[in-house]
Every structure is written in structure tokens, then in C-alpha cells.
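Q: Counting with UniProt numbering, you get residues 1 to 232 for the letters of the sequence shown.
If you're looking for bench data, these hints aren't it; they were derived computationally from the structure. Errors might be hidden in some of the hints.
[Said to hold, decoys possible] DSBU-like, lysine-lysine: derived pairs with alpha carbons at most 30 Å apart:
{"no.": "1", "residue 1": "K159", "residue 2": "K203"}
{"no.": "2", "residue 1": "K131", "residue 2": "K60"}
{"no.": "3", "residue 1": "K38", "residue 2": "K53"}
{"no.": "4", "residue 1": "K108", "residue 2": "K84"}
{"no.": "5", "residue 1": "K91", "residue 2": "K38"}
{"no.": "6", "residue 1": "K131", "residue 2": "K38"}
{"no.": "7", "residue 1": "K45", "residue 2": "K100"}
{"no.": "8", "residue 1": "K100", "residue 2": "K84"}
{"no.": "9", "residue 1": "K203", "residue 2": "K84"}
{"no.": "10", "residue 1": "K108", "residue 2": "K151"}
{"no.": "11", "residue 1": "K159", "residue 2": "K108"}
{"no.": "12", "residue 1": "K53", "residue 2": "K100"}
{"no.": "13", "residue 1": "K203", "residue 2": "K151"}
{"no.": "14", "residue 1": "K75", "residue 2": "K53"}
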Amino acid sequence: MSSEDWKTYKKAEIEIKKDIIDEVHEFLTKVFNVYMIKMPPQLFKQMELVRDKLIPLTSKLDQDRFTEFCDIFSKVYRNIMTDKNVSNDVKNILNELASKTNSFFSSKGMQICVREIRHYGVRIYVSYNDKPLPDVTVVAEMEGRAIASSKTDTSGFAKLELPEGRYTVYVYKYLEGDRYIYEERSVSIPQESEISFELKEAKTLGEIERERGGKPLIKEVAHEESKPNYEE
């Protein structure tokens, strides 16, 4: 080879192509883990459950493993997004991660992994002896957790913003002595957008406890019941 040839000689570059497993691993380290460490400590355990199902996809991406990953991610996503104690900032972080997860796997020919939770306005009306009842505590509970709560206005109406799902809705108000307004009903959202409680009778605490089958009172009711009555 002449000296001129040496000047123009360039070593051939070897292109290393990433396969889908490499891309999943990169998504885990550069996307999922980055968002995961932004979550508050009390939610870290839940996110670890999701990551534990994502890690096997870095060695083999098949439908069964992908389905397991999506199932646990969807469950954790719903738990966090419907938790009243989680801030909107944290929920926005989780929404971003879910969106990036969907975009990544969709680009690899997989189905949408985490479905966005839509919220629906639910209108509740409470009356007692055919009259609108104001200042009634209204709570929507799912799997033992209070998802949303409100109070009725002077016209007996309250409004809750709820994601799609099946709930137990409670209405509660202390009247006097050992008499309370208390009623519960199972509802499906968004199929039911208006719920009416037209009550005729008050109940004692004992009757409420029997009606709940030994389940503890929801937090809002238990807290209100523990308040001292300064009006006596």
C-alpha cells in the first residue's frame, strides 16, 4: 500500500444493531427507573412490583410476560391514581410514565399496556322525609378505600368526580340523640351519573353497624362521629 493509500484509508466501522431485548433493557434503565425514583417513598414498594414484572422482559419478550407486566402496572396505576392522599404532581409523573410505556411497547407491535383512567361527574341527591337534606357526608368507597367525598349543599345535592369502576356510595349525617341518616348503595360508573337517596327513616349506630356486617365505619364517618357535640 502506497503512502497516499495510507492517508485515505479508513477503518471500516462495524454497526452494532440493537435487538428488541436491548431496547427493553434500555427502556428499563433510562425511562422506567428514572421515573420510579421520582416517586415518594410510600409508593416505592408498589412501583417495585411493576419493575419486577418488567425485568423478565429484558431477557425474553413474549405475550405471557408482557400481559403479567401490564396487569400489575394497570392495577398499581389505578390504586395510585384513585388515592386521595397522593398529590397531583405525583399522579402527573405516573401518567407520564404510563404514556411513555404505552408508546414504547406500541412501537414494538404490542397492544396498549396501561389504559388511561377517565373521571366522570356523578351527581348525588339526598332527601329526608321528602325534603332536601343539606350538609350530608357523601363518600364513594372502592375495595375498602374512600376514593372521593363531598357534602350536600342546601338543595341536597353533592357532586363527586370518579374514575370508571364499581363503588359503594354512602350518605351520612348526625341528627340528634342516637339517630343518624345512613344509607349505602352499590353503583357502577359511568353507567350511573345521577344517584338519588330518598330517605324516610333515621338509624341508630347499632343498626348501621349491623348493616355494614361488622365492617368498620369509613374514615369520614368515624372521624365525624368522634367529634364532641359542643351544641348540647
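Q: If a hint holds in the structure, say so; if it does not, say that too.
A: Against the structure, the hints:
With a C-alpha separation of about 24 Å, the suggested pairing of K159 with K203 holds against the 30 Å cut-off. Between K131 and K60, the direct Cα distance comes to roughly 63 Å. Violation of the 30 Å bound is thereby established for this hinted pair. Restraint check: the Cα-Cα separation between K38 and K53 comes to about 19 Å, which is no more than 30 Å; the hinted pair holds. This hinted pair does not check out: K108 and K84 have alpha carbons roughly 35 Å apart, beyond 30 Å.
Pair hint K91 plus K38 holds up; C-alpha atoms about 11 Å apart against a cutoff of 30 Å. At roughly 50 Å between alpha-carbon atoms, K131 and K38 are farther apart than 30 Å, so this suggested pair is violated. In summary, the hint linking K45 to K100 is supported, as the alpha carbons are separated by about 21 Å, within the 30 Å threshold. At most 30 Å may separate the alpha-carbon atoms for a hinted pair to count; K100 and K84 meet this at roughly 24 Å.
Using a Cα cut-off of 30 Å, the hinted pair K203 and K84 holds, with the two alpha carbons roughly 29 Å apart. Taking the CA atoms of K108 and K151, the gap is about 47 Å. The hint is violated against a cut of 30 Å. With a C-alpha separation of about 42 Å, the suggested pair K159 and K108 falls outside the 30 Å cut-off, and the hint is violated. A threshold of 30 Å between alpha carbons decides the hint, and for K53 with K100 the separation of about 17 Å falls inside it, so the pair holds.
The hinted pair formed by K203 and K151 meets the criterion: a straight-line CA distance of about 19 Å does not exceed 30 Å. Between K75 and K53, the direct Cα distance comes to roughly 13 Å. Compliance with the 30 Å bound is thereby established for this hinted pair.
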